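J.: Given next are the chains, with one letter for each unit.
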Amino acid sequence: MTRTNYSRRGVLKTGGLTATGLAMPTIFTASSASAFTNEPTGSSVKFGFNVPQTGPYAEEGLDELRAQELAVEHLNGIGDGGMLNTFSSKALDGTGILGKQVEFVTGDTQTKSDVARASAQSMIQKDGCIMINGGSSSGVAIAVQGLCQEAGVIFMAGLTHSNDTTGKDRKRNGFRHFFNGYMSGAALGPVLQGAYGTERRAYHLTADYTWGWTQQESIQAVTEAMGWETVQNVLTPVGAGDFSSYIAPVLNSGADVLILNHYGGDMVNSLTQAVQFGLKDKEVNGKNFEIIVPLYSELMAAGAGSNIQGVYGSMNWNWQLPDAGTAAFVRSFGEKYGFPPSGAAHTCYVQTLLYADAVTRAGSFNPCAVVEALEGFEFDGMGNGPVLYRAEDHQCFKDVLVMKGTENPTNQYDTLEIVEVTPRAQVEYAEDHPMFAGGDLGECNPGA
Amino acid sequence: MLGLNSKDFTLFLVVVVLVIAAPILLNPFPSDSAFAQFNAGYPALMQRFVIFGILVIGFNILFGLTGYLSFGHAAFLGVGSFAAVWMFKLLSYNIVPAVLLSVIVAGLFSVVIGYVSLRRSGIYFSILTLAFAQMMYAIAYSDLLGKFFGGIVTNGETGLQVYNDDPQILMSPGDPTVPHLFGWEMNSSFTWDVGGWSFVFQNGYYLSGILMLASFYLAIRIFRSPFGLMLRAIKSNQNRLAYTGVSSRPYALAAFVISGMYAGLAGGLLAAMDPLTGAERMFWTASGEIVIMSILGGVGTLIGPILGAGVIKYMENIVSTINDNVVHGWFAFMPDGIENILVTVIHPFIGKGWHLTLGLVFMAVVIFLPGGLVEGGQRLGRLFERRKVEEKPPTATTEPAE
Numbered sequence: 007m008t009r010t011n012y013s014r015r016g017v018l019k020t021g022g023l024t025a026t027g028l029a030m031p032t033i034f035t036a037s038s039a040s041a042f043t044n045e046p047t048g049s050s051v052k053f054g055f056n057v058p059q060t061g062p063y064a065e066e067g068l069d070e071l072r073a074q075e076l077a078v079e080h081l082n083g084i085g086d087g088g089m090l091n092t093f094s095s096k097a098l099d100g101t102g103i104l105g106k107q108v109e110f111v112t113g114d115t116q117t118k119s120d121v122a123r124a125s126a127q128s129m130i131q132k133d134g135c136i137m138i139n140g141g142s143s144s145g146v147a148i149a150v151q152g153l154c155q156e157a158g159v160i161f162m163a164g165l166t167h168s169n170d171t172t173g174k175d176r177k178r179n180g181f182r183h184f185f186n187g188y189m190s191g192a193a194l195g196p197v198l199q200g201a202y203g204t205e206r207r208a209y210h211l212t213a214d215y216t217w218g219w220t221q222q223e224s225i226q227a228v229t230e231a232m233g234w235e236t237v238q239n240v241l242t243p244v245g246a247g248d249f250s251s252y253i254a255p256v257l258n259s260g261a262d263v264l265i266l267n268h269y270g271g272d273m274v275n276s277l278t279q280a281v282q283f284g285l286k287d288k289e290v291n292g293k294n295f296e297i298i299v300p301l302y303s304e305l306m307a308a309g310a311g312s313n314i315q316g317v318y319g320s321m322n323w324n325w326q327l328p329d330a331g332t333a334a335f336v337r338s339f340g341e342k343y344g345f346p347p348s349g350a351a352h353t354c355y356v357q358t359l360l361y362a363d364a365v366t367r368a369g370s371f372n373p374c375a376v377v378e379a380l381e382g383f384e385f386d387g388m389g390n391g392p393v394l395y396r397a398e399d400h401q402c403f404k405d406v407l408v409m410k411g412t413e414n415p416t417n418q419y420d421t422l423e424i425v426e427v428t429p430r431a432q433v434e435y436a437e438d439h440p441m442f443a444g445g446d447l448g449e450c451n452p453g454a
Numbered sequence: 023m024l025g026l027n028s029k030d031f032t033l034f035l036v037v038v039v040l041v042i043a044a045p046i047l048l049n050p051f052p053s054d055s056a057f058a059q060f061n062a063g064y065p066a067l068m069q070r071f072v073i074f075g076i077l078v079i080g081f082n083i084l085f086g087l088t089g090y091l092s093f094g095h096a097a098f099l100g101v102g103s104f105a106a107v108w109m110f111k112l113l114s115y116n117i118v119p120a121v122l123l124s125v126i127v128a129g130l131f132s133v134v135i136g137y138v139s140l141r142r143s144g145i146y147f148s149i150l151t152l153a154f155a156q157m158m159y160a161i162a163y164s165d166l167l168g169k170f171f172g173g174i175v176t177n178g179e180t181g182l183q184v185y186n187d188d189p190q191i192l193m194s195p196g197d198p199t200v201p202h203l204f205g206w207e208m209n210s211s212f213t214w215d216v217g218g219w220s221f222v223f224q225n226g227y228y229l230s231g232i233l234m235l236a237s238f239y240l241a242i243r244i245f246r247s248p249f250g251l252m253l254r255a256i257k258s259n260q261n262r263l264a265y266t267g268v269s270s271r272p273y274a275l276a277a278f279v280i281s282g283m284y285a286g287l288a289g290g291l292l293a294a295m296d297p298l299t300g301a302e303r304m305f306w307t308a309s310g311e312i313v314i315m316s317i318l319g320g321v322g323t324l325i326g327p328i329l330g331a332g333v334i335k336y337m338e339n340i341v342s343t344i345n346d347n348v349v350h351g352w353f354a355f356m357p358d359g360i361e362n363i364l365v366t367v368i369h370p371f372i373g374k375g376w377h378l379t380l381g382l383v384f385m386a387v388v389i390f391l392p393g394g395l396v397e398g399g400q401r402l403g404r405l406f407e408r409r410k411v412e413e414k415p416p417t418a419t420t421e422p423a424e
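Respectively, the protein sequence lines represent chains G and H.
Position 389, counted from 1, in the first sequence is what my numbering calls 395; the numbers after and before it change by one each time, with no gaps.
Position 241, counted from 1, in the second sequence is what my numbering calls 263; the numbers after and before it change by one each time, with no gaps.
Hints may contain errors.
Pairwise CB distance ranges, derived in the manner of DEER restraints [as the list claims (entries may be wrong)]:
1. G/A231 / H/D54: 33 to 43 Å
2. G/A254 / H/H377: 48 to 58 Å
3. G/L104 / H/L166: 30 to 40 Å
4. G/S13 / H/V134: 43 to 53 Å
Below, simulated BS3-like cross-link-like pairs (lysine-lysine); rule was C-alpha separation at most 27 Å, straight line [said to hold, decoys possible]:
5. G/K174 / H/K111
6. G/K52 / H/K374
7. G/K106 / G/K52
8. H/K169 / H/K111
9. G/K52 / G/K342
10. G/K342 / H/K374
11. G/K410 / G/K286
12. G/K96 / G/K342
13. H/K29 / G/K174
14. G/K106 / G/K96
Which bits of chain G does chain H cover? Going by a derived footprint, with three or more residues having C-beta under 8 Å, they are [said to hold, decoys possible]:
15. 112–124
16. 148–155
17. 444–454
The hints are simulated quantities; they were obtained by calculation from the structure and are not laboratory data.
All values reported here derive from a predicted model rather than from experimental measurement.
All C-beta atoms in this analysis are idealised placements derived from N, C-alpha and C, irrespective of residue type, glycine included.
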């Protein structure tokens, strides 16, 4: 048993201490004087590059980081200027942004939403970043986009392909240059019909998160519209490593097409294992068994090696495109790093330049001014032909590439060939399309 | 004081001072100096320090006192977070119902899991808790509940967040659209600029801090109570306890539920500071991290686990953001050749290599300081107080055998 003696002095002391403790925070509720979050006051402005450096999407993340560093160099006038020379808007002149030098900090999202948000918070609160760029996973991108909306900074999404990023999770402070699942489906459909006919039975393996779900939904809608039958859709965890237990059932399912809605290291593993199971050499229903990877990247193609030969997929951009913007970017990137950039690198590079350009055109770093400058912005010379940043959902509209694994590669970077450049009109959709409905941009938030 | 003996009271006072002054103490370097990289005094990280502090204080009541090593504590954290976010979605952004429900829900889960798992001890108990936690993780990750009931319960890998069109039935038009305590917004802060420093005092941090202090106080009282003594008895020899006619299971279960509720509180607070949650919070590596925090700091000591939590969160958030450019900045004064060599040597330990650094620190602690960081502190203390100790006559009290 404990016995307590309350002395008058003791009670007063404790009471006073507790009261001070409780009152402590309430004295400090005044807001600061700046007009918006992290208003740059010195001679420099800071960007936050928040990419996965570990986890299943690490390869993509590290390539994004390379491109982001290159973009900062070009903005500060170091190097040959890359796409600044071909960009249709001439506001940027290689002297930083509005006379301020660009600096950056990096963070590791580990492909986990919690970690990504912690890292983005550190960039905003500790380093004073005015813009966050990155995210190599739609789950992470959506989580960080929400955070940036609350904190009052701009989020320039990097590699995120889920319909939800600019669909039901769209935010006023967030922008996406990359294409999405719907566009992949719309572009792939006609090509698949031409190559494999209208009587096919498809089996889906799908990464179990927002990107996988919407990607699968999009491609299923397109393939069913042209007469294909969907045998089954199996959800697999991200970063599973071993997919053999998911692939074995495909053999006896009666399906003659396997659609791998996987990305990054997962796709490399699942495709390699599917090929090891002999799926590509199989014949079902009197037809050759085919594998389709709706979203491709060079890094995955390199990882999967010869397994991707003849496999169809789609891309946002590829370094083999013939236009001047692509050539300029591939040259700068190649000179600095010694190999061609991936699609993920391209989108992060372009997003960084687009942000800088929007700030310059708006004449202010205020997020609301930047939002206004980017909404409905039309540009060209960034490797994708004429592009529109749609005001209603902050999604970029541009041509989509349909790719195929090269059958007879001539060198180690010759992994994918461009089958078709699907024109922008074919992949456009209304902003309230059922697959994108339920979103609300909300108001722009400058913070502070 | 406050029902604590003088030593505990001093410790408690020290912790109170540390929590109140953390925004200043953790920001020792001016914002524009090269070492600002090492500052930890920004709200998001300080919140994590105190919230994970609450989590490990609770974990320590179970592991430190009864010796039952739970390998699934992150599940309670996750359950708490989900409960809190659902309260934000259904009621309003006021954190009171959210945090209360998260504690209650975590408590209920721990009653069920504890009741089953505590039928075994040692490694079997650990494996059972791990299995339960992984089951709950799998259910949350694939949103099996949502598929069963139709709709969304945990929203899988994407994570649960609040949307503009959620019901929020208690929300009136003028209410803040961020988590708040009766209008007192969690993320609003006051910045104090002095010289080159800028100190940020944030509401959310102080609320978490106060709850952490309350949890810490409660933990000290439990440690020093007859109930705490009974828990220690379970750790020292459960059979002997049974032979003396005491049923130990209710005590162990009580300790399990208390620590589960602590975890729920931490989970609720995490959601209150940042209204989004995902299944990865419940993954077994998250549970393992809690165990590592306790061991790193010093199991069974009052302050140790909190220190451990601080060290791990610091490494995760600070060391992982150091990149090659930053290191080049530090060594810029050296000749190019040496600079590049130093950067190459340091490269594997920073940025994405922070796990490696953490592993080395953990190994060093386990090998050289088996009692954790607290033992390190005690050894340092003894180093400076040796003369004083020698002058004292040997104490007459005898330590009870473990």
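J.: Hints first: check each against the structure and report whether it holds.
T.: To see whether the hints hold, each was checked on the structure:
| no. | hint | result |
| --- | --- | --- |
| 1 | G/A231 / H/D54: 33 to 43 Å | violated (58 Å) |
| 2 | G/A254 / H/H377: 48 to 58 Å | violated (33 Å) |
| 3 | G/L104 / H/L166: 30 to 40 Å | violated (51 Å) |
| 4 | G/S13 / H/V134: 43 to 53 Å | holds (45 Å) |
| 5 | G/K174 / H/K111 | holds (16 Å) |
| 6 | G/K52 / H/K374 | holds (21 Å) |
| 7 | G/K106 / G/K52 | holds (10 Å) |
| 8 | H/K169 / H/K111 | holds (19 Å) |
| 9 | G/K52 / G/K342 | holds (22 Å) |
| 10 | G/K342 / H/K374 | holds (22 Å) |
| 11 | G/K410 / G/K286 | holds (15 Å) |
| 12 | G/K96 / G/K342 | holds (24 Å) |
| 13 | H/K29 / G/K174 | violated (56 Å) |
| 14 | G/K106 / G/K96 | holds (17 Å) |
| 15 | 112–124 | holds (count 9) |
| 16 | 148–155 | holds (count 4) |
| 17 | 444–454 | holds (count 3) |
Of the numbered hints listed earlier, those contradicted by the structure are 1, 2, 3, 13.
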